[in-house]
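Student: Single-letter residue listing:
There are 2 protein chains.
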Amino acid sequence: MAQQHLDPTAGPMAGDALAAYLRSQATEFLRALRQHREAGGATGGGPPARARSSVGENGSKEAVDAARALRRSARRISGTLHTFRPLLDEGWSEAMRPELAWLSGALAREHAYGARLERLLTALHRLSGSAAFPAQAASEVRTEVRTEVRADVRTEVRAEVRTEKGTLTVGAAKAGALLERQLTLARTRSHSAALQALGSSRFHAVADNVAVLASEVPLTATAAMTGAASGLKPLAAAAEQRLCDAVTGLPLVTAGHPYNSQALVHGLSADTAPQPQDAPWHQVRLLLRLHRYAREILFGGEALVDVRLLNAGQALDRHRDAAEAAAAAASAARTPRIAPATAYALGVLHADQRHEVEAARFTFQRAWMRETVGTP
Amino acid sequence: MAQQHLDPTAGPMAGDALAAYLRSQATEFLRALRQHREAGGATGGGPPARARSSVGENGSKEAVDAARALRRSARRISGTLHTFRPLLDEGWSEAMRPELAWLSGALAREHAYGARLERLLTALHRLSGSAAFPAQAASEVRTEVRTEVRADVRTEVRAEVRTEKGTLTVGAAKAGALLERQLTLARTRSHSAALQALGSSRFHAVADNVAVLASEVPLTATAAMTGAASGLKPLAAAAEQRLCDAVTGLPLVTAGHPYNSQALVHGLSADTAPQPQDAPWHQVRLLLRLHRYAREILFGGEALVDVRLLNAGQALDRHRDAAEAAAAAASAARTPRIAPATAYALGVLHADQRHEVEAARFTFQRAWMRETVGTP
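Protein chains in written order, with the numbering used here: chain E, 1 to 376; chain G, 1 to 376.
These are computed hints drawn from the structure, not numbers from a lab.
All C-beta atoms, glycine included, are put in the ideal place defined by N, C-alpha and C.
Worth double-checking, as some hints may not be accurate.
Unchecked claim - Label pairs and their calculated CB-CB ranges:
hint, chain 1, residue 1, chain 2, residue 2, range
1, E, Ala177, G, His282, 53 to 63 Å
2, G, Ser331, E, Arg189, 32 to 42 Å
3, E, Asp65, G, Leu185, 34 to 44 Å
4, G, Ser331, E, Glu118, 23 to 33 Å
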């Protein structure tokens with residue numbers, strides 16, 4: 001270290017750190033792929049009906065974990081190719097990135113539909129006063145409200161038996177069944193599509209390219225001759241700057257005011273497209289991820305302990321998940337011939353998830369502000 | 001003042017301050033009653049159909065203001081009879097209070113239904129992305145989101161023209177029409193009931209009793225012989241203590257955590273009764289009012305400038321209004337044969353108002369904590 005300070009050119013080259021990171025991610029990718037095949041996840045190309053039955057119940061935790069690890073390394077390789085592209089063979093990088101994005105997308109969808117269904121069903125139970133409470137609720141109220149809830153559940157049951165009016169809980173149950181039907185179907189289709197993707201020649205080409213990366217990273221001449229600091233740092237700083245610029249564009253003052261009611265402003269809009277107000281937040285989520293990956297290259301394992309960045313990133317993940325869950329509830333409400341009670345429950349659920357969106361923005365604002373204070 | 005400090009017994013008696021306050025409130029009551037009659041509000045006993053048409057459109061601002069002033073002084077007289085009952089003729093006080101409560105209730109209902117409808121329609125417009133923004137939203141976003149909203153309103157209109165799917169805005173409109181029908185009917189009935197109450201012999205007995213109060217307050221012997229400080233203060237302190245005890249029972253730790261999701265915990269419960277979790281907050285609202293009135297007697301006009309108490313009280317008013325609006329939306333959703341889109345909009349609206357309930361609790365928590373820090 002002391003020697004490096006005295007003579008920077010004798011230190012590690014930019015290409016060394018970059019190649020080491022890409023090699024480790026590529027190795028991780030290939031390991032996850034092997035694991036996925038061993039877990040029986042990639043029989044690929046089989047009949048969809050067979051695939052469906054083999055996934056839904058079996059669960060195959062190994063296959064799920066392997067798919068997650070595959071996505072994780074694919075995202076990191078793709079992000080690194082993007083952030084440090086001047087140090088890598090341009091044609092090769094440019095050809096590789098859309099293929100990695102296609103693969104990540106194909107693998108992510110099944111998981112996303114499953115997680116969305118779980119989120120919505122959990123919310124339905126919470127809204128019916130019969131579920132676990134959010135982690136942030138103080139213990140003081142946990143006991144209080146739980147007792148209350150239990151008393152109420154009894155009342156509900158009685159109400160349903162006695163009167164014809166108490167259909168809202170029936171509505172919640174029907175809404176849950178409808179969401180389960182729709183999202184399970186979407187998930188099963190995504191599963192088949194993922195299996196087909198993993199069995200395709202397009203995927204084999206991606207895997208071959210990753211295998212190349214695991215042995216020999218196609219660096220430019222600059223990368224091999226520039227010191228790690230002067231080669232990597234400006235590119236990592238540029239990624240951070242893109243993140244900061246995007247955050248500056250967010251309505252953070254409003255987001256920092258609790259209960260600002262902004263996330264539900266389009267709650268009853270007829271537009272079925274994703275809410276335009278969410279887009280800049282989703283964009284920041286992606287830029288934050290790129291910034292995190294760039295830090296992993298710069299600082300290695302130590303970068304992983306930046307709790308503030310992790311908190312901010314988790315808030316944006318929650319923002320994305322809640323926004324998509326809210327959209328799924330709204331979409332289910334457009335199913336023809338549903339009962340009014342079902343539609344009512346879906347309306348409550350949609351609004352609840354949009355509140356989650358607002359809460360996630362608030363959490364991000366707090367995490368981000370703390371970060372910029374902490375980091376000089 | 002200096003003399004009073006040297007010789008407390010030479011100062012004003014408890015009965016003097018109490019009688020002065022009750023006299024002024026009684027005078028205010030009689031003035032408001034006269035004003036209400038002059039404004040044509042109290043033709044009383046006329047046919048309901050006639051009464052309906054004469055109110056809905058005419059508005060009669062004078063009658064509305066007079067009714068509010070009547071309620072205002074009735075509440076203060078009733079509260080004072082309660083808090084300072086050891087200083088007043090017991091039989092007389094005990095007979096008077098339920099009558100004043102009956103009158104306040106009869107007068108309040110019409111106004112409450114009107115305000116509830118306005119609150120719900122405003123929320124529906126906001127949720128359709130076509131309305132004024134809440135006052136607490138920072139100006140930064142006001143312009144931002146407004147532009148966004150305008151762009152979206154255009155999209156909505158186009159969506160409705162082009163596709164058959166965009167029925168949710170139709171749902172919001174239908175929900176608004178349904179609420180307008182139901183709450184206007186309830187309001188009209190309350191108006192008729194209020195007019196009948198004001199024309200009844202029961203009311204004339206109340207007015208006669210208030211007239212007695214305006215000239216001669218039925219004090220006990222103690223009230224006339226005890227100094228203002230030693231007579232009034234312990235009773236006012238007891239009222240404050242009842243308030244503080246009730247606040248201690250509130251889940252303030254949770255309420256102070258933004259986005260704690262507690263207010264919507266029963267959002268889909270089948271129980272049509274008011275949410276049990278709201279009751280302790282409503283109780284604190286009433287106790288806070290009694291405390292404020294007691295302060296008016298102790299400190300006179302100066303008591304009115306306690307901004308913290310006013311803020312806390314306003315938060316609890318908002319809590320009550322939002323809770324009742326949420327219940328009205330849920331109740332409208334139980335109307336037979338409504339369209340699913342209408343039910344969906346009512347579900348979103350219900351959740352939105354329950355969110356307002358949660359926001360009001362947060363505001364109360366902040367106001368109250370600030371108060372207890374400020375007051376030694």
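Student: Next step is simple, just say for each hint if it's right about the structure.
Tutor: Cross-check of the supplied hints:
{"no.": "1", "hint": "E/Ala177 x G/His282: 53 to 63 Å", "in the structure": "violated, 36 Å"}
{"no.": "2", "hint": "G/Ser331 x E/Arg189: 32 to 42 Å", "in the structure": "holds, 40 Å"}
{"no.": "3", "hint": "E/Asp65 x G/Leu185: 34 to 44 Å", "in the structure": "violated, 60 Å"}
{"no.": "4", "hint": "G/Ser331 x E/Glu118: 23 to 33 Å", "in the structure": "holds, 31 Å"}
Hints 1 and 3, counting from the list given before, are not met by this structure.
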